[in-house]
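Asker: Construct all of the structure, not just a fragment, from the sequences and the given hints.
2 protein chains.
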Amino acid sequence: MGGVRRIAFIGLGAMGGRMVARLLQGGFAVQGYDVSAVAQDAIAAIGAQPAASAAEAARDADAVILMVVDAAQAEQVLFEDGVVQALAAGRPVLLMATCPAWRVAEIAEQVTALGRRFVDAPVSGGTAGAETGTLTIMAAAPAAVVDTVRPIFAVLGRKLVHVGERPGKAATLKTINQLLCGVHIAAAAEAFALASKCGLDLPLVLDVLGDSAASSWMLKDRGPRMLERDPAVSSAIDIFVKDLGLVLDTARNAKAAAPLAAIAHQLFLATSGRGLGAADDSQVLRSYAALNGTD
Amino acid sequence: MGGVRRIAFIGLGAMGGRMVARLLQGGFAVQGYDVSAVAQDAIAAIGAQPAASAAEAARDADAVILMVVDAAQAEQVLFEDGVVQALAAGRPVLLMATCPAWRVAEIAEQVTALGRRFVDAPVSGGTAGAETGTLTIMAAAPAAVVDTVRPIFAVLGRKLVHVGERPGKAATLKTINQLLCGVHIAAAAEAFALASKCGLDLPLVLDVLGDSAASSWMLKDRGPRMLERDPAVSSAIDIFVKDLGLVLDTARNAKAAAPLAAIAHQLFLATSGRGLGAADDSQVLRSYAALNGTD
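Protein sequence lines correspond, in order, to chains A and B.
No gaps in the numbering here: position 253 of the first sequence is 262 in our numbering, and each next residue is one more.
No gaps in the numbering here: position 201 of the second sequence is 210 in our numbering, and each next residue is one more.
Please keep in mind that the hints were generated in silico from the structure rather than gathered at the bench.
As the structure is a computational prediction, the values presented were derived from the model and not from experiment.
You may find that some hints are simply not true.
Since the list gives no way to pick out one identical chain from another, each pair is judged satisfied if it fits inside one copy or across any two copies.
Stated by the list, open to error - With a straight-line Cα cutoff of 30 Å, these simulated DSS-like cross-link-like pairs (lysine-lysine) come out:
| no. | residue 1 | residue 2 |
| --- | --- | --- |
| 1 | K168 | K251 |
| 2 | K229 | K264 |
| 3 | K264 | K206 |
Answerer: Have a look at this one:
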């Protein structure tokens, strides 16, 4: 199928925009598309080519990357907006958004039935990882297909793990990843809320716990933003409403108990229900404030 | 009160034994006591002086360190077994075990009323941190008292945080620390249990999640032992039955909600209830296996 030089990138949000910047720095040509004109302008300003439509972006591309919100958007873009048809036969579609494994498997089947390749390739590391090209990339596809897109993964991530050949397996692993991410954010909020009620100095609590056996990646990343009143939004509350919902759907399908994920989901859901769905996910802390009647 | 050279060390378990080794390496003379003859023999073999009783260990000591199981043992040793009376006036007692803040405050009051000093000094970092002298030490006592025992903390820990002057404050911070430690262990077990039900390869799951935004200190430390059938015991299930119980007592006293800690406590408690209280705490995974009916 030849080398990969020209990439169609669909979905230019907080993650996608930063990944496009990395691809440009890595020497790729990028044709980007997003429904947001602001997002289109932002990638034009750094040297990517904004496209008039998703299908237009895919024309002449060597590969398509999808960093859309969910599986429904991926299906819309691929099958209704004409991306698969616009992409040359034999070229790969890389679905890097967080989607349910069963939806990913269905999408993969449709894409390959139409003569294109498919890589289930979700990531972990958030906007910080996207910006610095240090994402962890989980890939499920035949090894030969993964090999053709390694140069792309090399500029986006620090670690590539080939989870298996069957699309959906990487999505499942990403779901497990989100279980821990979501529970760890909520647990950090619970710790700060209790520390606050006990009269401890929260910056000191963060300093100690971030450097002890109590530490987590999320405590160190979200912890500082939990101590701000209105932090900048790095990832929204509603992302974890969705992702922990996906964890619970996955556990339900597997008939497995996931009580910690269920509690964490409730806390994010209630935060969203109070009108804070677009706030930074560190603000799940406010569900504890609401429960405890503190500020 | 002069320099500190000779230390009485009471409680020579998994943590205490390793801390005595560090103190000996750091040039201190150690007089140790434990109800277990095996533990006494073990410190004798590395150059410490086993004492005939706790009071005997404290006689002629420049400081007493308590690394006993709980507050009841600390009170027994200090006030009933005669340690405070045996220690010279003005010398410090360092309580490094995990105890409720309100018990620590009471003990501190009694010790200082008898003319000795007191430092509330719990640690985080587990047996690995004890062995390598990389513990995080949280200290609450008047600054002048903390200063006199800095040479001791310097060989036991990598980080010393002076939480405040009032004994009990460090114990509260340690309690918050244990909230995260306990929830993170249970969350790791929940993630592995779900991954297993979904047919993922668990060593691969650990490799990816231990190096992504899902990571925690506990995932990296306990995760490998969750993949073993009968791992060596580094810290027992019953320690977290106690410590998460302490978290919940603290939250109850503060009238604060701690739903994640409550769920995690249930999982450790049920594991202990099935007769596994002395097993390694990674085996909380078996509560998920019991719930899910898996092996």
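Asker: Hints first: check each against the structure and report whether it holds.
Answerer: Hint-by-hint comparison with the structure:
1. K168 x K251: Classified as within; 25 Å inside a copy, 39 Å across copies.
2. K229 x K264: between (33 Å within a copy, 27 Å between copies)
3. K264 x K206: Intra 37 Å, inter 8 Å, cutoff 30 Å: inter-copy only.
Every hint, counting from the list given before, is met by this structure.
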